[in-house]
Every structure is written in C-alpha cells, then in structure tokens.
Amino acid sequence: MQNTAILCVDDEVLILEALETELHRAFGDRYVYEFAESAEEALEIMAELEQSATELKVVITDWLMPQMRGDELLLEIQQKRPNTVKIVLTGQADQQAIEKACIHSHLDYCINKPWDSKALIHLLQTSLAHYGYK
Amino acid sequence: MRLKTKVYLFFFIALILFGLPMSITGYMFIKQYTYDLNMKLFEQQVQHAQHVIETHTSYQTTSQSVLIKKIRQDLTLHSLTTDGYIHIFDQSGNIVFSSTSRFLQTLPEVNLQYVLQHKKGLITIKNAEIDYLGYFSTYKPLEWIIISGHEKQYIFTTTKDYLFFIALTDMITFFVLMLVMFMVVNGITKRLQHTLISMQKIEEGHLGIQIQTEHKDEIGQIAHTFNNVSEKLKQNFDLLEQKVSERTQALLETNRRLEQKVLEHKRIETEVVQTNEKLVQEVVERERTEQALRYTYQKLLSFTQEIPMAYVEWNTDLLITSWNPAAEQIFIYSPQQAMHMQVSNLVAAKDRQQMLDTISQLQKNKTAIRQTLDSVTQDQREIICTWYNIPLFNEYGEVIQWLSLVQDVTEQKLNEEEIILQKEALQITLEHLENTQEELIQIEKMAALGQVIAGVAHEINTPLGAIRSAIGNISDFLRHDLRELPKFFSDLPEDRQVDFFLLLDSAAQHESILSTKEKRKIKKHLTQQLIEYQISNPDPIASKLVNIGIHKDIIPFLPLLHSEERESMLKQAYLLTSLQRSAYAISTASERAGRIVFALKSYARYDQSSEKIQANIIDGIETVLTLYHNQLKQGVEVVREYQEIPNIWCYPDELNQLWSNLVHNALQAMDYRGQLILATGVDGDYVYVKVTDTGKGIPDEIKYKIFQPFFTTKPAGEGSGMGLGIVKKIVEKHVGNIEVESRAGLTSFIVNLPIKAVEP
Chain U
1 MQNTAILCVD
11 DEVLILEALE
21 TELHRAFGDR
31 YVYEFAESAE
41 EALEIMAELE
51 QSATELKVVI
61 TDWLMPQMRG
71 DELLLEIQQK
81 RPNTVKIVLT
91 GQADQQAIEK
101 ACIHSHLDYC
111 INKPWDSKAL
121 IHLLQTSLAH
131 YGYK
Chain H
1 MRLKTKVYLF
11 FFIALILFGL
21 PMSITGYMFI
31 KQYTYDLNMK
41 LFEQQVQHAQ
51 HVIETHTSYQ
61 TTSQSVLIKK
71 IRQDLTLHSL
81 TTDGYIHIFD
91 QSGNIVFSST
101 SRFLQTLPEV
111 NLQYVLQHKK
121 GLITIKNAEI
131 DYLGYFSTYK
141 PLEWIIISGH
151 EKQYIFTTTK
161 DYLFFIALTD
171 MITFFVLMLV
181 MFMVVNGITK
191 RLQHTLISMQ
201 KIEEGHLGIQ
211 IQTEHKDEIG
221 QIAHTFNNVS
231 EKLKQNFDLL
241 EQKVSERTQA
251 LLETNRRLEQ
261 KVLEHKRIET
271 EVVQTNEKLV
281 QEVVERERTE
291 QALRYTYQKL
301 LSFTQEIPMA
311 YVEWNTDLLI
321 TSWNPAAEQI
331 FIYSPQQAMH
341 MQVSNLVAAK
351 DRQQMLDTIS
361 QLQKNKTAIR
371 QTLDSVTQDQ
381 REIICTWYNI
391 PLFNEYGEVI
401 QWLSLVQDVT
411 EQKLNEEEII
421 LQKEALQITL
431 EHLENTQEEL
441 IQIEKMAALG
451 QVIAGVAHEI
461 NTPLGAIRSA
471 IGNISDFLRH
481 DLRELPKFFS
491 DLPEDRQVDF
501 FLLLDSAAQH
511 ESILSTKEKR
521 KIKKHLTQQL
531 IEYQISNPDP
541 IASKLVNIGI
551 HKDIIPFLPL
561 LHSEERESML
571 KQAYLLTSLQ
581 RSAYAISTAS
591 ERAGRIVFAL
601 KSYARYDQSS
611 EKIQANIIDG
621 IETVLTLYHN
631 QLKQGVEVVR
641 EYQEIPNIWC
651 YPDELNQLWS
661 NLVHNALQAM
671 DYRGQLILAT
681 GVDGDYVYVK
691 VTDTGKGIPD
701 EIKYKIFQPF
711 FTTKPAGEGS
721 GMGLGIVKKI
731 VEKHVGNIEV
741 ESRAGLTSFI
751 VNLPIKAVEP
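Chains as they are written, first to last, in the numbering used here: chain U, 1 to 134; chain H, 1 to 760.
Same shape as in the complex, but just chain H (with noise of 0.2 Å):
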C-alpha cells in the first residue's frame, strides 16, 4: 500500500471515529430538551385545569353535568389545545372530558392504579390505539384526575428536523476536511516522488543529477543532501573510468600475442584429425567388404546345402569335388562316394556322350546350357533329370571348374503325361455333355411335340367323327330311303307336291351352321307359331322345321302343316335335307382336318441339312396358331398385330418350336382366358416378334433366371424347365436376342432376329 493511500485511509477513520459520537451527543441533547420543553407546559395545563375546576366548583354548582359543560366552555376558551390537549377522567377511569376526540373513553387499568397511588406525575398510556405521553394530577373535592399530554410521535416532530440539520452539517464538515487533507498530502507525495526519480537515475548512471528546491522542510534538506552526494559519485566514477582505460589497452596486446599461438597450434592439430580420420574409414571398409564376403559365403553355403536341387562342383577331369544333400537325395551316393566318382558316371550310358559333347561346346562357347537327360542312381535306378551345367572361367578364359545344377523331373514328366490323359477325358467328358444337351433339347422338343399331338388326336378325330357320321347318314339314305322317294311322290296329292318342295327350295337356302343357343331361340319361336294356329304336336315338328332350314315364318308352309300327309313329308324333307347338311359336314370337316394335317407337316419338318433358308416369319406362326386351335378357340382372344416383314434367313422348324413355347407359355400364364397378342414388324436390321399374354405377370424377383435351364414355377413333373432355356438358345443360334417385359396383366417377350444370315 503506497504511503498515500495510508495517509488517506487514516484520516478517513479518525474523522468517523471522532464526529460520528458527537452527532450522536447532540442529538440526544435536543431530545432530552425537547421533552423536559413539552413535560413543563403539560403540567401548567393541568394546574390551569385545576383551577378553572376549583372556579366553578367554588360557585356551588349542584348538578355535575352543569358543571361539566362549564368546565368545558372555559377550558375550550383557555386551553392551549395546540400543544396538547386535556382529558379528565372519574376515579373508576371513566371519561368526564376531553378537549379532542381522538381519546380513549377509559382509562386502562395500570394507568389507573398508578394515578390512585402516586397523585400527580409523568404518564406513559400505551395500547394498540395510542403512544401518548403526558402529566396528570388528582383533584381531591371531585376525585377527578386530570391528564394534560400529546401523542408522542407529535412531540417528537420538533427533533427530528434538528436531525436532519446535524447530519448535513456533518456531511458538509466532512467534505471539507477531507479536501483539505487530500491537498497536503498531495503536495507532500509529489515531493517525495521527485526525489525518488532522481535517485532511480542514478541507479540508472546518470551521475550529478541535481534536485531544484526552494524549501527550507525536511524534504529539502534531503534533496539538498542528495545533490551533494550526487556530485561526489561523479567525481570519483570518472577517475576510475580512467584507470580502467589504460589496464585494458595493456591486456588487449597481451591477448592478440597468444590468440597468434593458438592459431598455429590449431593447424598442426586439424591435420593431424584428418589423418587419423583416413585411417579409421580405411579400417571400417575393410571389415565390411569381409563381412560382405562372410555373408556371401554363408548364403552361397546353405544356398547349395538347402536348395532341393541336386549342386555339384566337378573340375576338368571330371571328378566330383562338392556334393549336397540334394544329391545325395536324388542319387543316392554319399558325399564319401561321390568324391571318387567321375561325373559322367551319374548319366545314363547312352546320354554319356551326348553330355560329353555340350561340355565341350559349353568350353567354347563359354555360356551355361540346361538339358533333359537319363541319369543312374547308385542302386541303378534310371530316372529323368534335368542338368544346368555352368562352367567358371580363369581371367586366361580357361574352364577351372565345373556347377551343375541338377532337378529330378521323372515324376513331373509322369503328371504331364497324366494331365495330357485327363484332358483328353475331360474333352471326351464335354463332347459327352454337349451331346447330352443336343439330346435333351430334342427330348424338350418331343415333349413339346408330345403336347401338341395329343391336343392335334382331338382336333383331327373331331372333324374325323363327323365325316364318319356324316357319311353313314347318306350311305343309310342311299341304301333305305332312296328306295320310298318315288312311292312318296306318287302318294302326294299333287298341290302337296307344291309345298313340299317350297319347303325344299326353303330349306336350301340355308348353308351355314348354327350355335345351339341359335337353334333353341329359333325353335322356342317356331313351337310358339305353331301353338298359336293351333298344330298339334308342336315340339317336334319345331325341331324338324329348324333342321330343314325354315327358320322364321311359317305361314307359307301352313296348309302343308294342316295337311294328313304332315307327317311323311316333313320326314321326307328332313332326310332329304340332311343329306345337304351331311355334304357340308363332310366338307367343313375334311376342311379343318386338312388345315391341321398341314400345320403338322410343316411344324414337324425337320431340316437335316441344317443350313439356313429363307422363310416367312408368320406363316411359321400361324402353323402354331393352327395346331394350338384347341386350346385357343373358347377362352382365348387371338389378336393380330401384324405388319409385314421380309423373309429372312433361319431354321424354320426351330423357330416353330420357338413360337409353340412362347405361345404355349403365354396360354399358361394366363390360365386359357384372355388375349393373346402377336405383333411383328422391323426394327433396322432386325425383325421382331412379340408374344404378348395378360396373364399374372413374371414377378421381378424370377425375372432373370427364367432363361436358365430347367427353372420352372410349375409343380414337379408338368414342366421340364427347359421351355425358355431353349428359347434363348434358338434365339441365339439366329444371333438374335431376346427381352421380357413384364407387368402384372401384361408379359411380352420380345425376339429380335437379323434379316440377313450372320454366323454365330
């Protein structure tokens, strides 16, 4: 803490401590003075109150209200009821008078007894209305007692404005004070910091500084004392700046003669270094180069010790000098042995020479050589080794030594023999197995075939039992009927002959078959005509009359209907009749066998060339919609959506069997019911087909591996899986391609196939 704060905090505390008890004092004083003041003037109240009662009490007043009322007009005259006020009360405490009405109507009890027992004083009546102080005294002839006073807080009113004024002449003393003792102190600090400043810059070395000061006081003495010793610093600081000067300049010699001998000294000493230095890399290469060769050594050692090849050193004479493991392994000599032997002595007689030969060639030609020969082990066994003869050269170029590396090979020989054996199986295997494919695409075709015949059995025996029965029919009129033509003729009244052939020239009119609902509404019309002019029998005839063709009125065959000969001539004319209905029969039928029998021949046509031939992509269709009429014709709508396309170049038959399992698929998809959509036409090079169905749709998740073979959703043993495999292979027999699309209620696959013929 700086010696002016202290200065500062001291007189802040010692004026607290001293004017804080004197206001207090005061205070107090005019307090005291206050109440003495009220207390005095309360009792004249009183003793004036006494009076006025005496007065009147003296006038022999009989009646106390009379009184009272007296009392109150002069006490209300005289009272000095601005300072206090006057209430008189009974012995028992009640009320008698008051000069305000703000008072209490009793006396409380404590009050009351300390009146009774003291006659007059100073009273204090205090309760949850009042703080009233007050002087009292008894009057002896009324026992009255007689209570002059004021609410204390009104008493003190007067003392508090004197507090007020104390304080503000405290505060204003106060700040009085404490300026003037900030500027003493002030000016005292300020002083002292100069001089502080001067001596910091002596510290510093700024010598014989002087203070200017004109005051007499102890500061100025001290900075005069400072002046002086500021002056005597000086003084002796330069002579000693001298001295020093002259000791250096003589050191400075000294040194520039011994930093001369250093330097020579040091020169000698670097060359020395760098010799040394020459020596010890000399050394350090040295040990490495050996280590280099130890290491070489050893690796070239367990290099030939561990290499799982034969290593044999031979010199020019042929005798084995080395012998690893390996080729004790493969030859079976020990290192012993082998030492004694001649090289030569380790191939078979009849490569011996021809190993002779390379050698000397190798001598020649200086380079290394691998060769395949027979070679003998020591228990004579030949084996197949393959030799890397290298021979090491002196710096003359002549061979001093012989390596040879040699590898057993005999078993390695035996695998590829048999992996040359296994190949061939497998090729015989894969020959198999595209055989086998070829088979089962022909087994695939048949089945598809197999499908179609038996719906082709029913196509072909329906048209069939119709011709039969048609035939029997005229074979039975021809044989039984003919015979009664004439008699029936010559029987028939001659304007029935009119009728009846009316009714033929009628019935000869109609050439087409009808539905039986047809037939049935016809007849129900027909019986109700007859019902109506009134022809017995009605059903059958209706029936007969349909089958002759008459089909809508009756009314010009209506005296024939009428006649006897009703019954004969309407037989006559059914037989007759269905002779034409049988010739149409026989006609409409051979007609659609014929059709079928067609389409069989050419979907089943096989070509053996299996070349290439132009044909037309529809009419391969179309002889697939032939053959599966059966199938198609009551809940299937065909519908065709074609535009015309060129021939192109392909197989035929193959592509029937493509359409037949694209449609025969189609129809299964969609359960038989619904439309099957067939749409060609030309995209660039390419014609396309598509195959639509609006059946359930191929869910995304099968999509992909519908071509594969054998992938089928049908239950095991109704397909074959291979339906679409085959598809995608004759498609890219075509060099074609195939697309799905499929959404639920719409799946078409789309082929595309190239207008001219590519190879595959």
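For reference, chain U alone in the conformation it holds in the complex (with noise of 0.2 Å):
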C-alpha cells in the first residue's frame, strides 16, 4: 500500500512539523512521509527509501539552507530520479534568483512562506496524480 513517499527538506524544524500536519490531515496514511533538516540528510533518506523499493514522488525543499542549498540538490534529484516532483518552498525574498533557478535545476513548483496550506495540498494531488506525465 505505502509505496509512495513524499520528502520534505527544511533546516526549520518547526515547518517540517507544519508540513507533516498538513500531510497527515491531508493524505492520512497513505503515502510515505519523510522529513529531513538537511540536503545531506536528504540524500541519506532518499538511498534507504531505494532499498525499501518505495518510490519518490515529491521533494519539497527550502531554498536558502546552509552547506548544499537547495538548488544544488534539486540538481542532484534531476540525476538520480528525473520524474521526482521538485517543489521549493522558500522564504527568500528575491523571486528573480528563484525563477533563473527554475531553469536551471529542474524546478517544477516553487511556494513562498508563509504558505497555503489548500493550495500546496491541491499542488500535490495534482502532481501525484499526474505523475509520469510532466
């Protein structure tokens, strides 16, 4: 049944908290929720999540975090799963930076903090259910 995973990177602890609220009322047990402060941490999760052979649909990451930011590890998703659904949840301010990146690290959604909750969860069905076909 839990085949699917959703992975959220933030190095706030309290919007990962937010974040696996929202989820939970929203999708209730039916997919994976995974929750990292960290790109490297990310990275770790997404290797066990291979071995369980449970898939990752969607990534969504901050932007501005210390050490690998967010962007270089949308890169690094790009190669490792191309079809991951890359969303940044940011609260930077400069949404001229964020559209360059969209370019450039395959970026498919990107959300300002602070956000809506409805729309981010829409966001989501919408992406799971098309998934495959971006």
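I should point out that these hints are in silico values taken from the structure, not numbers from a laboratory. Computed from a predicted structure; not experimentally measured. Treat the hints with caution; some may be incorrect.
[Unchecked claim] Okay, derived cross-link-like pairs now, PhoX-like style, lysine-lysine, Cα gap no bigger than 25 Å in a straight line:
(1) U:Lys57 <-> H:Lys524
(2) H:Lys552 <-> H:Lys519
(3) H:Lys350 <-> H:Lys4
(4) H:Lys521 <-> U:Lys57
(5) H:Lys517 <-> U:Lys80
(6) H:Lys523 <-> U:Lys57
(7) U:Lys57 <-> H:Lys552
(8) H:Lys413 <-> U:Lys118
(9) U:Lys57 <-> H:Lys517
Bring the two chains, given one by one in their own frames, into a single complex with the hints.
Below, the structure is given as structure tokens:
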C-alpha cells in the first residue's frame, strides 16, 4: 500500500512539523512522509527509500540552507530521479533568483513562505495524480 | 787588488805549477818500476816451470797424466805462488795445469795466435772475466805453452800505496811553504803600511812627523828620506804662516773703513725706497677706487636698463630726467617723449593728488614709500601700478632728485582675483566630496542593511509559515473534527476510553521539538516493537505514535493497539495532540519572529540628533548576532567570551554597523564554517571588542591596505570594498582605534573604544 513517498527538506524543524501535520491531515496513511533537516540528510533518506522499494514522487525543499543549498539538492535529485516532482518552499524574497534557478535546476513549482495550506495540498494532489506525465 | 793578495796569489799558482808535475812524474816512475819487477819474477817462474817439465820428461815417462801429476807436485812444492800463478796450456789452447782454480779453461784465440807466433814474451789476457798480465814461453818437445802471471789489480797494489805517500808529502810541503810565505809578506806589508799612514798624516796637516825604523833595507831608506822631507816641509810652512798673518792685519783695517761707507750709503737708499713705495700705493689705491666707481656705475646702468620694473628719475619740478626700457614697455612713451613730461601725467587723474601729497610728505620724513596707483599709458589705457618713490638729498637735507621704481601689477591683481575664485570653487568641490563620502557611507550602510534584510526576510518568513500552517490546522480542527468528537467518545467502549486518555496523558508529557533524525530513530524502534507484538500495518502506526508523543514503551498501549477501534482512536489522538503541537509551534515561532523584529528595530534605529548616548556594547553585538542567526546556525560555532564592561558614550547605530561589518567579514573569511569568537573587556580607559574568526587569514602583503576605501579581495560586483573603510571611520569617530592580528586559522580585529566621551 505505502509505496509512494513524499520528502520534505528544511533546516527549520518548525516548518517540517507544520508540513507533517498538513500532510497527515490531507492524505492520512496513504503515503510515506519523510523529513530531513539538511540536503545531506535528504540524500541519505533517498538512498534508504531506494532500498525499501518505495518510490519518491515528490520533494518539497527549502531554498536557503547552510552547506548544500536547495537548488544544488534539486540538481542531484534531477540526476538520480528525473521524474520526481520538485517543489521549493522558500522564505527568500528575491523572486528573480528563484525563477533563474527554475530553469537551471529543473524545478517544477515554487511556493513562498508563509504558504497557503490548501494550495499546497492541491498542488500535491495534482502532481501525484499526473505523476509520470509531466 | 792589494799588494799582499797579489803576492799570495802568485805564490799559490807557482807552488801548484811546480809541485803537480813533480808528483805525477814520481808516480809514473814507481809504476814502471813495479811492472818491470813483476815481469822479471814471472819470467823466472816460467823458466823454473820449464826446468821442472824438462826434468820430468827426461825420465821417459810414457803416460801424460802421470807426467802432469808429477809436474803438479813439483810445481806446487817449488813455485812462488804468493807473487803469481803458473798455467800450462797445450798447443790447441786447452789448459793442462794451473796453480789456481780461478783461471780460464781455454786460452782466448787472440792470445793463442800471438803465443804461437812469438814463442816467448809478455802477454795481456783480457776478457769479461779477467784482466791478466804475465810472461809466457812455449816448451817445444811437448808443444806446451807455459804462462806465469797475476791479475792486474794485484800487481799494482803496491803502487797505490806509494801514491798515497806522495800525496801526503806534497800536502805537507805545500802548507809549510804557504806559512813561510805568509809570514814574510805580512812583515813587509806592515812596514809599508806604517810609512803610508805617516804620509797620510802629513797630508792632513801634521807636519814634521817622523817614522821610527831600525832596518837598513829599501823600506828603511824610504822611511829615512820621508823623515827628511817632512822636516823641511815643516820649516817652510812656519815661515809662510808668519807672512800671511801680517798681510791679513792690513786687510782687516782697510775693510773696516769700507764697511762704514757702505752703511751710510744703505741708509740713504732705504729712505728713497720707502718714499717710492708710498707713492706707488697711492696710485694703486686711486686706480682701485676708480675701477670700483666704474663698476658701480656699470652695475647701476645695467640694472636700470635691464630691471623689469620701470626706472624713472625726475627732478623737483616733476620733470622726467631718466627713462629705462621697462618704463617704455609699461607706459608706451618713448624716451624722447618721456623726457618732456611731468611724472604726474603717468598717474590717473583721480590718483594724482594722492601721489603729490605723498611726495610732499616724503620730503619732510625723508623716507621712501610704496603705493599702488591707477596709472595711464600713452594710449590712454588704465593700468594698476605699484610705485616705489625714493627721494635723493643733498648735504643740507634738501631733495634734489627723485627715483621711482614702477611695477605693472594689473595682471597680478587679476590673477589674485582668479585664485580667490578658484579657491572658492575648490571649497565647494571639497564640500561636495565630503557629502559624497557621507552618501557613500550611507549607501554602504544600506547595502549592509540589504544583506541583513535578505536574511531577515527568510528568518521571518519561516516562523510566519509555521504560524500560518499551525493556525490552518487549528481552524480545520475546529471546523471539521470537533464535531466528530462527541460521536467518537460515545461510540468508544468504556475500557477503551481509559486507554485513550492514557495515550493523551503520555502525549502531554512531551513539549519539545525533536530533530528529524531523532524522530526517525524512535520511529524505527517503535516499528520493531509493533512487529514483535504482531500488530498489523506497523509503519503508519509508528509514525502516528511518534507524533502523538509515544517514544519508548508501547506495552501500556497494547490493548488499544490490538482493539478494533485502533485506527479511529489513533486518528483522534493524533488530531488532538496536533492542536498541542500547533499551539507550541505558534508560540515558538512568534517568539522567534518577535526576537528578529526587535533586533531589526535596534539595528535600524537612526539617531537623528547625532549626539552620543550611553549604551551597552554587548547588547549591540547580540543584536547583530540575532540578525546573522540564519547564517550562523549551521556551520558556525559562536563563542562568547564577554567580560563585564561599562556602558560607554557612543553612537549605537553606527557601532551596530561596525559589528555587523566585522561579523560579516569574519563569516566570509571562513566561508561560513568554523568558530566565531567574540570577546569584550576593559583595558584602562578603554573597552575592547575582539572579533576572531578561524578563517584563512589575511596575507601580510595586503594587511596594510585592508582599511583603505574600495579595497576588496572579492570578485568585482560582490563587495564594494567600503566595509573595513567604514569600520575605520566609525572607530575614528569614536576616537578609538582598531588593530588586526592575523595568521592562517586565526584572524582578530580588535576595536578599542574610550569609555568616557572624547571629542574627535
């Protein structure tokens, strides 16, 4: 049943907690939810998922993170799993920089903090429904 | 060469020439004598041997060997073998008998031929082995050759003994003769020398000297003659001396009279010379004075001609009497025109009276004066001139003439005005530059603020996002889930209700946020337990339990987990605890946001009055750290080594900019990874703040210019290069100072600020 995973990456646990609550409320036990506080941790989790044959379909990541930044992480994911839907959730004000990164890092969507929960869930629903047809 | 040496040499040569041939002849004679003596001996031996052989052959002995034996016996018995040996050879040259073994076995061919031809005589046998002398004879009946002889060196042994004796005798004779000769010669020369010394004494003036001698030989005669001559010489000389003495006396008298006359003459001569010298000196003096005058006149003339100022002479009627080229150049009037003019015509009408007044004043005060007057040229052009008027007086103190030096200062005046204008323009530019600098500082400050804001926006949006999400969760619960709650409780069996509240109670005990890693670890642990207790669908259940707050032991909840209502109970518990989590999130996030806003507020405060106020430095540093929290939190360990410091008089907003510049630099220097050490303390009348990073350090070659404005090591466009320049400016504004200590891995900026207000 649980063979689809959603991965959230943010250096703020507060944000991860909020996302977890939202995901649980929206999708219940339908998917596996994983959370990472850094890009490195995210890559570790991805490797674990690969082993347990769980398909990572969506990644939601922060933009400004210490050490490896969001766009670098996305580039890595793009190389490993080109089909995974990549969403950035950022508090960064500079829209231009993000748009630029959309092109370079194969970013699918970008949501600004503070975000609208319903919009995010809707985006996830559509992405998952149309997974593989992007 | 002295006579003595010559005599010695002659005797020496004579002895050698005479003695040497005598010795050689003697030696030769002895040698020949020895030789003859030996040969005679050898001949006797041969005859003796012949006789012996004859005796034996007459016995008719048949066997030759017996014969030889006999001969040997006989010869050995009778021979004189000490002075020579006997040898017998047959006709083919082979030896038959020999009285010594040290001899040839065959006779050399040369000797054999000679022996067979001559029958008897002297023989010399010489080859590589021996050198032999002897006498031979052939014995006809047996065709034998009998030889008697000895080796040459033995024959002449005696001769050599004689040679030594001759040499010794020669030597003794030689030395004795030499000694005798030395004594004789020495005696003669000594006496000659004595005579010679006496002659030399006469030459030196010791007349009448006598030589003592008893000999009557030739040298004795010489001495006698010498004594006579010496005596006569003495007598003649005494006579001569007497005459000379008389003449000298007469001469001296004449001389004294002459000298008196000469002295008189000299006195008169000296007087004449002195008078003459005085005259010459006067003439020279006069010439010198004339030359000096001429020189002065020339100087004056060239001076007045060449000076770039107008040189004008005029008399008491104001009429011009001298006019130089510079005057012509300034006033255009030619010398001819000027000579007929009054000097006052050169001055503009309005200033003319002023000039005349000055002149009359000068006449009284007897001084020179300088005044600037508007003047007029020939072409009626107005110029500004500086006049130096000098009166010349006669011996009664009356003015007889005037000298004027005039300088055209029109252009100079204009230049002065221009310079004043330029100076004003420069002043304006300077002010403008100062403003620009202020603006630049402001721009840099805004840029720094911009960097801060970018971080702050992220920092604020994060808690805002969390808050918004939490509120969404709470409102969703209130709107939808709350309604289901009563039904859920009413449907729940009683014993399950107890389980449910137990679950909620355990959850309430946890009120901190776990890291994702911790969470995953707990989740794994729980999943394992669930599998152990054979509970289906362990993963999502473990996930819910973690969030509800069940972290360790699931045994108390086993009845609940095994019950039919498990799913709904977990869901409700999750929803209810999520309210708790959301509330906690809101409180944490709003606190964070509040802190950031407060920091921003204290950072951005701008003191318009720009007067110093008392403020706490550490508070300012902490404000900056809060704003940089986002950039510090992962890779940088902040170490605070604060010592208590008093509040100081300062501009807090500028100091905040100072700290944020230093912190920003430190972070960049270590690429946002390492230790940031902040230290404060008191040092005399100063407080110090030390910002240290563990970055790569500042190379020595650029250390001196890091505080220069616009110096940057960053690529173009990334840094303005104003950061440390502004730091320095702010420090200077506070009358403090800043130092850098840097080596790889440890760079410190130390800011010292005075505690009491000091005006820069």
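Outcome of the hint check:
no.: 1; hint: U:Lys57 <-> H:Lys524; verdict: holds, 22 Å
no.: 2; hint: H:Lys552 <-> H:Lys519; verdict: holds, 12 Å
no.: 3; hint: H:Lys350 <-> H:Lys4; verdict: violated, 128 Å
no.: 4; hint: H:Lys521 <-> U:Lys57; verdict: holds, 23 Å
no.: 5; hint: H:Lys517 <-> U:Lys80; verdict: holds, 23 Å
no.: 6; hint: H:Lys523 <-> U:Lys57; verdict: holds, 22 Å
no.: 7; hint: U:Lys57 <-> H:Lys552; verdict: violated, 31 Å
no.: 8; hint: H:Lys413 <-> U:Lys118; verdict: violated, 85 Å
no.: 9; hint: U:Lys57 <-> H:Lys517; verdict: holds, 21 Å
Figure legend: structure checked against the earlier numbered hints; hints not met, in rising order: 3, 7, 8.
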